[in-house]
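**Student:** What follows is the residue order along each chain.
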Amino acid sequence: MFRASYLARKGAQLALTLFAVVTFNFLLFRVLPGDPIRLIARAGHLSADEMAQLRATFGLDRPLVVQYGYYLRSLFHGDFGFSITYRRPVSDILAERMVNTAILLGAATVLIVVLGVGIGVIAAARRGSKLDSSSVVTALLFWSLPTFWTGMLLVFLLGVWLHAFPISGITTPGAVYTSTLDRWSDIASHIVLPTITLALVDIGQFVLITRSSLIDVLTEDFILTAKAKGLSRRAVIWKHGVRNALLPVITASALYISLVVGGAIQVETVFSWPGMGRLVYDAVLRRDYPILESCFLIFAVAVILANLASDLMYQVLDPRVREA
Amino acid sequence: MASVGVPLGERPGAWASIRRTWSEVWSDALGRTGVILLVFIAIIAVFGPMFFPFNSADVGKSAQDIFRPPSAQHWLGTDELGRDVFREVLAGAGISLLVGLLATAISILVGAAIGLIAGYRVGWLDSVLMRVTDFFLVIPTLPLVIVLAAVFGQSLGIIILVIGLTGWPGTARIVRSQVLSLRERQFVVRVRSFGASDLRIVGLHILPNVLPLIFANTVLVIAGSILSEATLAFLGLGDPVHVSWGTMLHFAFVSGATGRGAWWYFLPPGIGIVIVVLGFTLAGHTLDRILNPRLRGR
Numbered sequence: 002m003f004r005a006s007y008l009a010r011k012g013a014q015l016a017l018t019l020f021a022v023v024t025f026n027f028l029l030f031r032v033l034p035g036d037p038i039r040l041i042a043r044a045g046h047l048s049a050d051e052m053a054q055l056r057a058t059f060g061l062d063r064p065l066v067v068q069y070g071y072y073l074r075s076l077f078h079g080d081f082g083f084s085i086t087y088r089r090p091v092s093d094i095l096a097e098r099m100v101n102t103a104i105l106l107g108a109a110t111v112l113i114v115v116l117g118v119g120i121g122v123i124a125a126a127r128r129g130s131k132l133d134s135s136s137v138v139t140a141l142l143f144w145s146l147p148t149f150w151t152g153m154l155l156v157f158l159l160g161v162w163l164h165a166f167p168i169s170g171i172t173t174p175g176a177v178y179t180s181t182l183d184r185w186s187d188i189a190s191h192i193v194l195p196t197i198t199l200a201l202v203d204i205g206q207f208v209l210i211t212r213s214s215l216i217d218v219l220t221e222d223f224i225l226t227a228k229a230k231g232l233s234r235r236a237v238i239w240k241h242g243v244r245n246a247l248l249p250v251i252t253a254s255a256l257y258i259s260l261v262v263g264g265a266i267q268v269e270t271v272f273s274w275p276g277m278g279r280l281v282y283d284a285v286l287r288r289d290y291p292i293l294e295s296c297f298l299i300f301a302v303a304v305i306l307a308n309l310a311s312d313l314m315y316q317v318l319d320p321r322v323r324e325a
Numbered sequence: 066m067a068s069v070g071v072p073l074g075e076r077p078g079a080w081a082s083i084r085r086t087w088s089e090v091w092s093d094a095l096g097r098t099g100v101i102l103l104v105f106i107a108i109i110a111v112f113g114p115m116f117f118p119f120n121s122a123d124v125g126k127s128a129q130d131i132f133r134p135p136s137a138q139h140w141l142g143t144d145e146l147g148r149d150v151f152r153e154v155l156a157g158a159g160i161s162l163l164v165g166l167l168a169t170a171i172s173i174l175v176g177a178a179i180g181l182i183a184g185y186r187v188g189w190l191d192s193v194l195m196r197v198t199d200f201f202l203v204i205p206t207l208p209l210v211i212v213l214a215a216v217f218g219q220s221l222g223i224i225i226l227v228i229g230l231t232g233w234p235g236t237a238r239i240v241r242s243q244v245l246s247l248r249e250r251q252f253v254v255r256v257r258s259f260g261a262s263d264l265r266i267v268g269l270h271i272l273p274n275v276l277p278l279i280f281a282n283t284v285l286v287i288a289g290s291i292l293s294e295a296t297l298a299f300l301g302l303g304d305p306v307h308v309s310w311g312t313m314l315h316f317a318f319v320s321g322a323t324g325r326g327a328w329w330y331f332l333p334p335g336i337g338i339v340i341v342v343l344g345f346t347l348a349g350h351t352l353d354r355i356l357n358p359r360l361r362g363r
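Just so you know, the protein sequences line up as chains A and B, in that order.
Per our numbering, the very first residue in the first sequence carries number 2; after that it's consecutive.
Per our numbering, the very first residue in the second sequence carries number 66; after that it's consecutive.
Derived by calculation from the structure, the hints in this document are not laboratory data.
C-beta: ideal position from N, C-alpha, C; glycine also.
Hints are not guaranteed to be accurate.
Using C-beta positions, here's what the derived DEER-type ranges look like [claimed, not checked]:
hint	chain 1	residue 1	chain 2	residue 2	range
1	B	190	A	229	25 to 33 Å
2	A	318	B	116	33 to 41 Å
3	A	96	B	115	39 to 47 Å
Partial chain B-side listing against chain A, Cβ under 8 Å, derived [said to hold, decoys possible]:
hint	residue
4	108
5	111
6	113
7	115
8	167
9	306
10	314
11	323
12	335
Far from chain B, some chain A residues (derived; all Cβ distances over 10 Å) [stated by the list, open to error]:
hint	residue
13	79
14	144
15	267
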């Protein structure tokens, strides 16, 4: 399916990018103003001796290159450091939070891709109609909404005003569940508003890309052939058109992943969803750098891997680019 | 493009083509809406604070003065400190626009420079520059901006720099691909055969032909920069001295304005952001359709 040389090149690129991200992350948090030892010893007075001892314990007396070596070794062992505000290892906190973010983003992504592509196809199929032009305008309008503000608006309209959905957290505080199903339905009611928020803001680009890609495909000769064969309109559009129009959508989904990570930070903040995004917000407010550093690294690696996946998927779906 | 190859300043049709572009934008329903929205916001940002100056120290005198709904005295009510929301919104417009415009200026300068060099100097320099561009393209922007702002501090200058220096990769890609196609065109090949220097070719012959594209891209990037600023400020990384719409929404959020139903506090700044971002998006979308050779005729 893939050529060995292609995979080798992609693998080398991936390794280089990951290395660059890790190094960037290391350097960025070493130029921080302030002395980490002073931060730990915030309250009490420390003698010069004690300071030096702490410095040696954390390896801060070694040259930067040696510290970098320590850093890489810890990363490979899954050690992301220790959070000062939570007084727990960062990796433990991340393990809890990542699942919640994955649930939220999974739900939102399914909704966005299905609805976005669907609306885009319908708009393109009726190009020039009222439905088409209003779908473009609506897509641009929703694209212009700040994600966090859309969340606040939904909290106000559907939560505070109509009391239709819970507005905060992932489960009802203090709830006792009679069954697993019970617990999941509680989570499901909590996920509604954050998911709708993400969907509203991020759906526009899928609508626009699907629409313009399908409009292009529908002018191709093979569409004319399909029509001439007497295929139904539905078959022409879905079987011959959409299949080919989806390629640019896959390229765009790589960009979407970068965007939705930002969306998660905003939405989780507004709805107190206990995921990585809320963790970032809290870490920013408390200046918990070990957490901030690890979250950035994980977000970056996730997006890099997603980009690679979309590249590979493109190769599978479009035989024409396989040679390149 | 009949006059391709003649420098912009000497091109007889430079003004004519600007006028033509303007009339095309104005005759497009979406483009016209965008321009009207932007003019509206510009008037608010420039004249608002002149007639209704905002003083952030002008807080309420008692607990009765906070979170007051709109009244004759406070047209948009008061915030959690008893300050006038209407005046605060007017003052915030300028800060949001300022950050958006300056950050975009940085993004476009960096992006256009890298795109021009990479597109013109095919070879190792191009590969290196494009690797760097791709690196910044795949790194998720918001986490990057958050981390940089959290590390380097919360002044307006830092925020402008951070947003500007992370927003250029898209522009670099667009400019490079356009330059790549231009440098093989006949008029460039011809000037080069006359012995024109690279600087002269790029400055006088290639740049004028990418400028329209850069312009359309600029308008779209402004929308993104303003959204970035609002998001950063909302997350508590804004400049506490210069209150933008994003900063207002941060304080509305942490003071629980949504839970209290204080709609007059969180609706106006949000609507302001939507209007200005929508204005730039609609105008940029229309310009892109007119000026981008790849999209023309769609």
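**Student:** Each of the hints needs a verdict: does it hold here or not?
**Tutor:** Now for the hints, and whether the structure bears them out:
Separated by about 51 Å at the C-beta atoms, residue 190 (chain B) and residue 229 (chain A) break the suggested range of 25 to 33 Å. For the hinted restraint 33 to 41 Å between residue 318 (chain A) and residue 116 (chain B), the CB-CB distance of approximately 59 Å leaves it violated. Between residue 96 (chain A) and residue 115 (chain B) the Cβ separation comes to about 55 Å, which falls outside the hinted range of 39 to 47 Å. Here the hint on residue 108 (chain B) is broken, as its CB sits about 20 Å from the closest CB of chain A, past 8 Å.
The interface hint given for residue 111 (chain B) is broken, as the beta carbon of that residue sits about 22 Å from the closest beta carbon of chain A, more than 8 Å. Interface restraint check for residue 113 (chain B): the shortest CB-CB distance to chain A comes to about 20 Å, outside 8 Å, so the restraint is violated. Interface restraint check for residue 115 (chain B): the shortest CB-CB distance to chain A comes to about 27 Å, outside 8 Å, so the restraint is violated. The closest approach between the C-beta of residue 167 (chain B) and any C-beta of chain A is roughly 19 Å, which is over the 8 Å cut-off, so the hint fails.
Below 8 Å, beta-carbon pairs count as interface contacts, and residue 306 (chain B) has none with chain A, the closest being about 18 Å; its hint is therefore violated. Using the Cβ-Cβ criterion of 8 Å, the hint placing residue 314 (chain B) at the interface with chain A is satisfied: the shortest such distance is roughly 6 Å. Here the hint on residue 323 (chain B) is kept, as its CB sits about 5 Å from the closest CB of chain A, short of 8 Å. Hint on residue 335 (chain B) holds. Least Cβ distance to chain A is approximately 4 Å, under the 8 Å limit.
At roughly 20 Å, the least C-beta separation between residue 79 (chain A) and chain B is larger than 10 Å, which holds for a residue marked as non-interface. A cut-off of 10 Å between C-beta atoms contradicts the statement that residue 144 (chain A) is not in contact with chain B; the least separation is 6 Å. With a minimum CB-CB distance of about 6 Å to chain B, residue 267 (chain A) fails to clear the 10 Å threshold, and the non-interface call is violated.
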